[in-house]
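Undergrad: Residue numbers (the working numbering), protein chains in the order written: chain X, 1 to 216; chain P, 1 to 223.
Certain hints may be false.
Listed next, the stretches of chain P that the computed footprint assigns to chain X, with coverage defined by at least 3 CB atoms under 8 angstroms from CB atoms of chain X [what the hints assert, rightly or not]: (1) 31–43; (2) 70–76; (3) 97–108.
Listed below are several chain X residues computed to face chain P (Cβ distance under 7 angstroms; list not exhaustive) [claimed, not checked]: (4) 8; (5) 15; (6) 19; (7) 71; (8) 74; (9) 83; (10) 91; (11) 210; (12) 213; (13) 214; (14) 216.
To be clear, the hints were calculated from the coordinates, so they are not data collected in a lab.
Glycine is no exception: its CB is placed at the ideal position from the N, C-alpha and C atoms.
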Amino acid sequence: MTVALITRELIVVARRPVLVAAVALYVALLAGFTLIWGLKLPALTGASVFEILRVFHWGLLATLMPWVVARCHALDRGDRFVMLSALVARRPSSIVLAKVLSLAGVLALIAVAGAPAVIIAAKMSALPFSAVTRDLASALSIGILSSAITIAWILRTGDVFTSWIGSTVTMAAVLTAAARLTPAPTARDLSMLVIAAAVTAAAAAWSDRAFQYCHE
Amino acid sequence: MTTVLRASGLNKRFGATIALSGIDLQAAQGECVGLVGPNGGGRSTLLKILATLLRPTAGSVEICGVDAVRAPFDARRHLAYVGEEGVAGHGLSAHEYLAFVASARGVQSPRSAIDDALVRAGVHAAADVDTLSTGGRRRVSLAAVLLVKPQLLLLDDPFAGLDADARVAFSVWLSEIRDGGTTIVAALNEDRDVRAICHRVVRLEVKTSGAHRVPAVPVVASV
Numbered sequence: 001m002t003v004a005l006i007t008r009e010l011i012v013v014a015r016r017p018v019l020v021a022a023v024a025l026y027v028a029l030l031a032g033f034t035l036i037w038g039l040k041l042p043a044l045t046g047a048s049v050f051e052i053l054r055v056f057h058w059g060l061l062a063t064l065m066p067w068v069v070a071r072c073h074a075l076d077r078g079d080r081f082v083m084l085s086a087l088v089a090r091r092p093s094s095i096v097l098a099k100v101l102s103l104a105g106v107l108a109l110i111a112v113a114g115a116p117a118v119i120i121a122a123k124m125s126a127l128p129f130s131a132v133t134r135d136l137a138s139a140l141s142i143g144i145l146s147s148a149i150t151i152a153w154i155l156r157t158g159d160v161f162t163s164w165i166g167s168t169v170t171m172a173a174v175l176t177a178a179a180r181l182t183p184a185p186t187a188r189d190l191s192m193l194v195i196a197a198a199v200t201a202a203a204a205a206w207s208d209r210a211f212q213y214c215h216e
Numbered sequence: 001m002t003t004v005l006r007a008s009g010l011n012k013r014f015g016a017t018i019a020l021s022g023i024d025l026q027a028a029q030g031e032c033v034g035l036v037g038p039n040g041g042g043r044s045t046l047l048k049i050l051a052t053l054l055r056p057t058a059g060s061v062e063i064c065g066v067d068a069v070r071a072p073f074d075a076r077r078h079l080a081y082v083g084e085e086g087v088a089g090h091g092l093s094a095h096e097y098l099a100f101v102a103s104a105r106g107v108q109s110p111r112s113a114i115d116d117a118l119v120r121a122g123v124h125a126a127a128d129v130d131t132l133s134t135g136g137r138r139r140v141s142l143a144a145v146l147l148v149k150p151q152l153l154l155l156d157d158p159f160a161g162l163d164a165d166a167r168v169a170f171s172v173w174l175s176e177i178r179d180g181g182t183t184i185v186a187a188l189n190e191d192r193d194v195r196a197i198c199h200r201v202v203r204l205e206v207k208t209s210g211a212h213r214v215p216a217v218p219v220v221a222s223v
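Kindly generate the complete structure, drawing on both the sequences and the hints.
TA: The structure is reproduced here in structure tokens:
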């Protein structure tokens, strides 16, 4: 039955023109950065093109992914959320979980769309393909984290713009902390997944209380 | 006959305003109860409490044996509600919307059943729910809950915005699912609608005394 909620969310997201624009912008910026930095600009710090791209890539994902979630998802807020819960006879937490899962799936597609640029950067830096898969795993983790954090912000504020700004700032803080505290890529990705799970669980529990009844 | 709905001693206050007081209501399986009375009499509030969308200030509601005040999410599995709030399609077509509702409610509805429901409701399958007229969205809402066939159907002015043909079509449809065992409680404004589908009516009166509103009192009468 949660599958129905996920299917609905995916249909809604797939029909948003913003999604196509976001994917095009993401691929263009990532490819443009790789080619311009890799071919034209010298690496001042001695870092490889791949390492510089990773910083840019994470910053881009932390900004773009919350925007996609905030703009593309089916905005059910306030009493409409309660009505939806009643209509489908499902707890609000089920709806929250379905939103987080479906949007994480959409963000995974965006992350995969950027893979060619990452492969080019790895080739330029003479790195093995495992570096690409590690970067892709990080991008997927960032996608899951973005989905959870942005949905949590939307539930709290009910406003697209505020949610985007709030979740972008939150993402930046979490990614910075993750990069400093857990330098090992696998541990860093796992820590992001744990945070995503915790945020989703907290948002789901809160929604069961906040969206139990309509406003009076 | 099995009692599907049992509400007793229902009270509802919005701040200092008393919306409902001392409401008792029962409905058996396959029975249709009409809520009639003037606007502001508390019919919509009563239906929202029965639909677990509002929490009563006092009193109890039992739906299919489930305490709807203590366990609203469990009670919702047995009921469906159509109110004045329009459906939020988010770009879904009418067919997709019905398929979504049926699937989410765990109802096995083959494509043909959804198509039949849409034909009966007079809505084009590919129509964007968000761009339909008020009457069109009401048709989609009603078709969705009628497809689900809940044990308790709560309807707030279900024929609002519908033309004469649609009114007749939905009256027949509601009568069919009522005869199939679904209990219906509906707030209705027109006598012809009451006569078409209801077994009995509950009248909610509004009496004023000075600046205060006197609680609504149900008056049960046979149709």
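Undergrad: Hint by hint, say whether it matches the structure.
TA: Results of checking the hints against the structure:
{"no.": "1", "hint": "31–43", "in the structure": "violated (count 0)"}
{"no.": "2", "hint": "70–76", "in the structure": "holds (count 3)"}
{"no.": "3", "hint": "97–108", "in the structure": "holds (count 6)"}
{"no.": "4", "hint": "8", "in the structure": "holds, 5 angstroms"}
{"no.": "5", "hint": "15", "in the structure": "holds, 5 angstroms"}
{"no.": "6", "hint": "19", "in the structure": "violated, 12 angstroms"}
{"no.": "7", "hint": "71", "in the structure": "violated, 13 angstroms"}
{"no.": "8", "hint": "74", "in the structure": "holds, 4 angstroms"}
{"no.": "9", "hint": "83", "in the structure": "holds, 6 angstroms"}
{"no.": "10", "hint": "91", "in the structure": "holds, 5 angstroms"}
{"no.": "11", "hint": "210", "in the structure": "violated, 13 angstroms"}
{"no.": "12", "hint": "213", "in the structure": "holds, 5 angstroms"}
{"no.": "13", "hint": "214", "in the structure": "holds, 5 angstroms"}
{"no.": "14", "hint": "216", "in the structure": "holds, 6 angstroms"}
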